[in-house]
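J.: One-letter residues, chain by chain:
There are 2 protein chains.
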Amino acid sequence: MTYCVGLLLKAGVVLLADTRTNAGLDNIATFRKLFTFEAPGERVVAIMTAGSLSVTQTTLARLTDAAEDPDADERTSILKAPTMLKVAELIGATLADVRAEVSEKLDRMKQSASATMIVAGQRRGGPMRLFLVYPEGNFIEATADTPYLQIGEHKYGKPILDRVITPDTSIAEAQKAVLLSMDSTLRSNLSVGMPLDLAVIEAGTHAVTSQRRIEAADEGFARMSRAWSDALRDAFQKIEAV
Amino acid sequence: MTYCVGLLLKAGVVLLADTRTNAGLDNIATFRKLFTFEAPGERVVAIMTAGSLSVTQTTLARLTDAAEDPDADERTSILKAPTMLKVAELIGATLADVRAEVSEKLDRMKQSASATMIVAGQRRGGPMRLFLVYPEGNFIEATADTPYLQIGEHKYGKPILDRVITPDTSIAEAQKAVLLSMDSTLRSNLSVGMPLDLAVIEAGTHAVTSQRRIEAADEGFARMSRAWSDALRDAFQKIEAV
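Chains as they are written, first to last, in the numbering used here: chain L, 1197 to 1438; chain R, 1197 to 1438.
In short, the hints are calculated from the structure, not lab data. Note that this is a predicted model, so its numbers are computed, not measured. Incorrect hints may have been included.
[As the list claims (entries may be wrong)] With a Cα cut of at most 16 angstroms, we get these calculated EDC-like pairs of lysine to aspartate or glutamate:
#  : chain 1 : residue 1 : chain 2 : residue 2
1  : L       : Lys1434   : R       : Glu1369
2  : R       : Lys1282   : R       : Glu1337
3  : R       : Lys1434   : L       : Asp1430
4  : R       : Lys1206   : R       : Glu1300
5  : R       : Lys1276   : R       : Asp1261
6  : L       : Lys1434   : R       : Glu1337
7  : L       : Lys1282   : L       : Glu1300
8  : L       : Lys1206   : L       : Glu1398
9  : L       : Lys1434   : R       : Asp1430
10 : L       : Lys1276   : L       : Glu1264
11 : R       : Lys1434   : L       : Glu1369
12 : L       : Lys1282   : L       : Asp1341
13 : R       : Lys1282   : R       : Glu1270
14 : L       : Lys1276   : L       : Asp1265
15 : L       : Lys1206   : L       : Glu1369
16 : L       : Lys1206   : L       : Glu1337
17 : L       : Lys1206   : L       : Asp1426
18 : R       : Lys1434   : L       : Asp1426
For reference, chain L alone in the conformation it holds in the complex:
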């Protein structure tokens, strides 16, 4: 499993992904699920992935190859596509093709493979956008009504987002919110695991503002997790019973 969450704020996007992959509970590993592509000052695209690793790796590899190809054009490269909508379409088409190819191979074993992705980014002259791309290549987009998108194990970490996130939330508060949303998920689902990848793209910069890995031993994250547990217990004590 996986948990990735992306917030679309007026100030920019905040993205957080775990890194655990598993093929059965007895076979777990760490793989990056958050990827960024930049033409600094011109365009930035971030992708987070959930689902079958063979599908997500091949999709990312094809997108990377296409973007690095000297003959790349606006129909083949996510760094050259004319709008973020076209970027989402290109990623969706690539994902759908790879998923179909892999599933065709697996069909002989009566199995199939699938994946979903969150795509965020901004090109010079356009707004910051945040998409959730489905395995079939179609997608939905975050709006002011629902300014966040999640893939993977989304349920445990949803209540906190519903309560604190609006488009006006600051980048600092938003980072806190996605980390606490992840904390609830880590506590409840073994197939979501540390380390975490956290990225921020401030609106109008057309570049990755910050990106860091939070390791399992991270003191700050552990302190925040304890403080949140304590705060929840305190808040619970203060609520009057019905």
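Use these hints to put chain R onto chain L, whose structure you have.
T.: Relative to chain L, chain R alone:
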């Protein structure tokens, strides 16, 4: 869908169930999912249900018929079975039989039906016990390590239980916890709905201590829900960012 939760405390058991059933999003209805059986001073058994309504209603009807039968004996009646373990086995066997019969009918339409149940109770001379009965009739039991059991949509309401419930939690605090756990679930899953049924069985009384329905317009529940939202937002503000 459904959300039912039962807590096994030293002080007794606290049970909460929603009442929404649906056959598609465009066909919702209200049906009780919490049922109590009493031989006051001798024994009390409570059952909460999730799953196909045709399976749960028929199972409850058979258990009720068997308990009311003047010829009922300890092999047929949950009010006469010698231990709570035997009660759970009897409920499991009845559920498994009904599920198999209904699924046999549905098989011609390539469909199947299923249900799970939470069973709580105490007989004179025995401890209070809390079981989760699976569709196949087997079951697990709550222990001091994990003093609660959930059926239906369990994810949204789990973090609060993990943080505040221990076997030493008081009945009053436990009622608050299950209501807040339900509140998180109601906010996030449309197929879980008001009104709610809340029951308490204090240890050693062998009777239902209290049972009440909380309607959608309940002022106290609405106030608690708002207070919890406010408390969470306050707690969030006070957490230091990593």
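J.: Any hints from earlier that this structure breaks? Give me their numbers in increasing order, please.
T.: Going through the list in order, the structure violates hints 4, 6, 7, 12, 17 and respects the others.
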